[in-house]
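Taken in order, these protein sequences are the chains called A and B.
Each residue of the first sequence is one higher than the last, beginning at 1 in the UniProt record's numbering.
Each residue of the second sequence is one higher than the last, beginning at 1 in the UniProt record's numbering.
Everything labelled a hint here was simulated from the structure, so no lab data went into it.
Be aware that a few hints might be false.
[To be verified] Going by beta-carbon spacing under 7 Å, a handful of chain A positions derived as facing chain B:
(1) 39
(2) 52
(3) 233
(4) 236
(5) 240
(6) 249
[Unchecked claim] Per label pair, the in silico range of CB-to-CB distance:
(7) 363/B with 130/A: 55 to 65 Å
(8) 254/A with 135/B: 53 to 63 Å
(9) 147/B with 194/A: 41 to 51 Å
(10) 130/A with 94/B: 22 to 32 Å
Glycine included, every Cβ here is placed at the ideal spot set by N, Cα and C.
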Amino acid sequence: MLAYLTKSIIGAIVVLLVMSFIVFGLQSIIPADPARAIAGPNAPLETVEAMREQLGLNDPAVVQYGRFLLRLAHADLGTSVRTRQPVYDDIRQYLPATLELGLAAIALGVALAGVMAALQFLIPGSGGIRLVMVGVGSTPIFLSALLLAYFFWFRLDWLPGAGRLAYRDFAGPTGLNVIDGILVGRPEVSVDALLHMILPALALALPIGIAVGRSLNSALHEVMRQTYIRTARGKGLSETKVLLRHGLRNAATAPLSMVSLQVRLLFGNLLVVERVFGWPGLGLYTVQAFASADLPAVLGVAIVFGILYILVNTLIEIAQSIADSRIDL
Amino acid sequence: MVKLSHRMSESVTEPVLAVKDLSVILSREGRPSRVLDGISFDMFPGEIIALVGESGSGKTSIGLTLQGLLPREYQPQVAGSIRLAGIELVGSGRRTWQSARRHLVRAISQDPMGALNPTMTIRRQMRESNGGCEGSIEDWLSRTGLPDPDRIADALPHRLSGGQRQRVLIAMAMVARPKLLIADEPTTALDVTMQAQILDLLRDLARDQQTAILFVTHDLTVAASLADRVLVLYAGRIVEIGRMQDVARNATHPYSAGLLAARFDLDSDRRRPLPTLPPEHTHSINVEDACAYATRCPIAQPDCTAIRPPLELASVHGGAVACLHHEQTPYLSAQRADAKPWPAQAIQETAALRLSSIGKTYPTGARSFWGRRKPQSVLRSVNLSIKLGECVALVGESGAGKSTLLRIAAGLVVPESGTVTRFDKLPPQVVFQDPVAALTPWLTIGEQIGERLRAVSLDSDYGRRRVGEAMKLVGLDPVLMDTLPAEMSVGQCQRAVLARAIIVPPRLLLCDEPISAMDVSLAATTLNLLGDLRRRLDMAMLFVTHDLAAARIIADRVAVLKDGELVEVADPDAIIAAPQSAYTQSLIAAMPSLQAAGGR
């Protein structure tokens with residue numbers, strides 16, 4: 001285990017270096033000129049040139065890259081062109097909202113997957129579930145997010161569909177509103193935060209639930225044919241116990257891999273969903289950064305998502321080794 | 001119908017299991033078929049009954065029916081009566097079945113490697129079997145002869161050997177103190193030495209715990225070494241029932257007699273083809289009012305296809321038999337003895353395959369920091385050569401390195417040291433253990449056989465003729481050319497695999513345990529076919545097996561492999577008459593035989 005953790009940290013550093021190189025490469029390839037962007041479109045050429053000099057854009061690439069790495073190591077991701085604030089501070093401000101939503105979406109997606117797969121096994125003749133899954137699975141995220149917002153918020157007004165919280169001035173210690181509400185002793189804040197989360201989290205969870213559910217379902221089909229399932233039934237266990245104790249854990253490896261794949265797609269989907277529901281997180285921040293060619297902001301978010309992805313991947317590999325004790329980490 | 005109990009003289013013990021007129025219909029892809037038909041028998045505490053028949057005879061279905069575990073997707077329809085410890089199970093609800101499985105009936109399976117949950121410790125699986133209690137788990141593990149039960153209990157299944165897992169499964173079943181234990185081919189996957197130990201264990205359990213054991217097997221020799229009574233099953237019906245020794249000595253149904261004759265052991269005549277059961281006919285008659293065996297039966301009369309023979313008292317052994325003409329059965333064995341001997345085989349001096357000081361290691365154990373594992377040596381400097389036209393059998397226990405050596409000979413695995421020289425420039429053909437898995441499911445048999453005729457299109461007349469010839473050579477009807485593997489029986493698949501191997505006759509054929517998963521008569525048929533093909537096509541052959549009897553019958557020389565080293569290479573009869581190594585001696589001693597069982 002210790003060896004595995006050491007190895008994954010070394011691996012993460014290598015991946016981050018590669019990523020920083022790509023990000024740096026992008027900065028120099030992309031036609032958008034940061035000097036021109038900062039100086040403004042109408043600034044005279046001399047001003048832009050002075051700005052280039054000031055930014056170090058005229059130095060050799062290696063020197064620029066070294067400087068870039070050094071800044072990265074100090075958590076300096078540059079200054080946002082749009083907000084005129086350090087990108088690092090922006091990200092710190094918006095990350096908790098995205099973390100909260102993302103975690104809720106993953107949890108909800110996995111729960112959906114589990115329920116769908118279990119239903120198919122415990123209720124005979126539930127092939128209709130598959131039909132629903134195919135239907136929902138073929139709806140693109142921007143459409144399902146809009147439909148959810150339209151029906152449950154705009155038409156039925158059952159659930160809130162804009163923003164994170166009705167309490168505008170609330171600010172807790174962690175930035176995760178659901179937890180903060182409990183921490184500061186205002187449970188009504190937690191409830192409100194949860195209600196706000198339902199629609200966007202559901203929109204994000206549907207594709208996760210479908211993909212993981214299908215993978216879990218086919219893994220379960222394979223596992224439930226194994227001889228040890230017959231052994232378990234032969235002990236007189238109830239069908240639910242057979243499925244939960246003997247089936248699920250042995251079927252976990254493939255769906256867990258699917259979760260880590262889906263997390264990668266989730267980062268993209270967050271952009272759409274946060275935009276649709278006005279969720280003040282990194283996704284919305286990125287969409288706005290795109291609109292104003294705010295390259296430092298976009299690249300900063302990319303690095304943060306990269307780190308998150310490596311983290312999730314490691315966690316999932318650990319979960320796989322717990323589910324299947326034969327896997328040596 | 002006759003009273004089937006043979007225990008009347010002993011006492012008035014109630015039967016622990018009373019099966020009456022049990023019929024089961026399973027629907028596969030909407031087509032219902034009757035897999036069990038009017039089965040009736042009783043079992044008494046401590047009694048061991050062997051349930052014998054070919055694959056597809058319904059013997060496994062009986063076991064599953066008694067546990068209520070027939071696969072749901074086949075929509076089983078069960079009729080008749082099963083009374084287990086006084087409780088009627090046919091037609092009872094889910095809870096009754098679950099409670100019966102918890103307390104009354106347990107099973108151990110054919111496949112000890114797959115029958116334990118790979119992600120759960122033995123202790124947790126045992127506890128689950130024991131109604132959640134920790135008590136007597138280690139006691140039972142040690143009773144089944146497992147050393148260090150405490151360590152075994154905390155291990156995960158993949159750390160245990162096949163024999164150890166089968167013991168764990170027996171302990172897991174017995175910890176619930178069932179009245180009935182169903183043992184479905186529990187020793188098929190095990191080596192002979194391990195098989196003998198498991199059989200001893202089962203015998204002791206029946207005696208000490210008064211557990212009735214239903215022992216399902218295709219091997220009459222194994223049955224004879226264990227059972228009190230035997231039920232012979234054909235096409236879902238009981239064709240003969242009686243005391244084990246009586247049936248083994250005087251089989252009364254022509255099918256039982258055929259099964260007995262097809263069995264081969266260390267004393268079988270190896271100079272001529274083995275006697276086999278008549279092949280199964282593809283066209284089947286309506287068996288409702290007929291003897292199901294009539295189409296294969298060598299002594300069938302016209303009335304056999306008109307009347308369903310009832311199970312009647314067999315005067316010869318006091319059991320019962322379902323055959324109208326069973327008094328003719330004794331003459332069957334006389335007819336069989338006159339098979340023509342094999343023609344003499346010309347063995348040339350040139351080597352078809354030469355393996356010189358082959359060494360191979362595989363990584364095992366836990367990974368080190370850099371992900372490396374310790375190499376463990378599988379083969380140590382093995383020298384073996386096979387002459388053109390010669391058949392060498394490679395015998396050894398699982399893990400001895402037999403399959404690795406075969407793969408090296410085939411060029412599928414690269415050895416770390418030593419050289420492989422083959423006479424033939426073409427790659428040698430390999431026949432693997434599982435013929436069904438060795439065929440691609442979505443290609444027709446003809447396409448797969450014809451694949452090796454590279455330049456020839458299968459649509460051409462010439463291509464079809466070549467494939468047809470190859471099929472005829474292995475005894476496969478060329479009509480089957482356009483069928484898919486799933487529509488064929490295991491025996492037919494094995495023939496198709498052989499046809500594919502010999503359509504371009506190789507100088508060397510490599511066989512990896514081709515008969516170990518087959519029932520006795522199919523195994524004998526396959527051995528005959530291989531013996532015929534290698535003589536007719538003048539092929540050299542490497543035949544890997546754990547069965548010394550099969551090795552002796554097929555091979556000109558036997559090589560015994562133990563822990564990656566050849567301990568003996570000699571003429572089969574010389575090895576069996578005077579085994580040089582202690583290991584070969586133990587292999588021979590563990591072979592079950594009817595003669596030895598008779599003295600029990």
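- Query: Which of the stated hints cannot be reconciled with the structure, identified by number in ascending sequence?
  - Reply: Hint check: 1, 2, 5, 7, 8, 9 fail, others pass.
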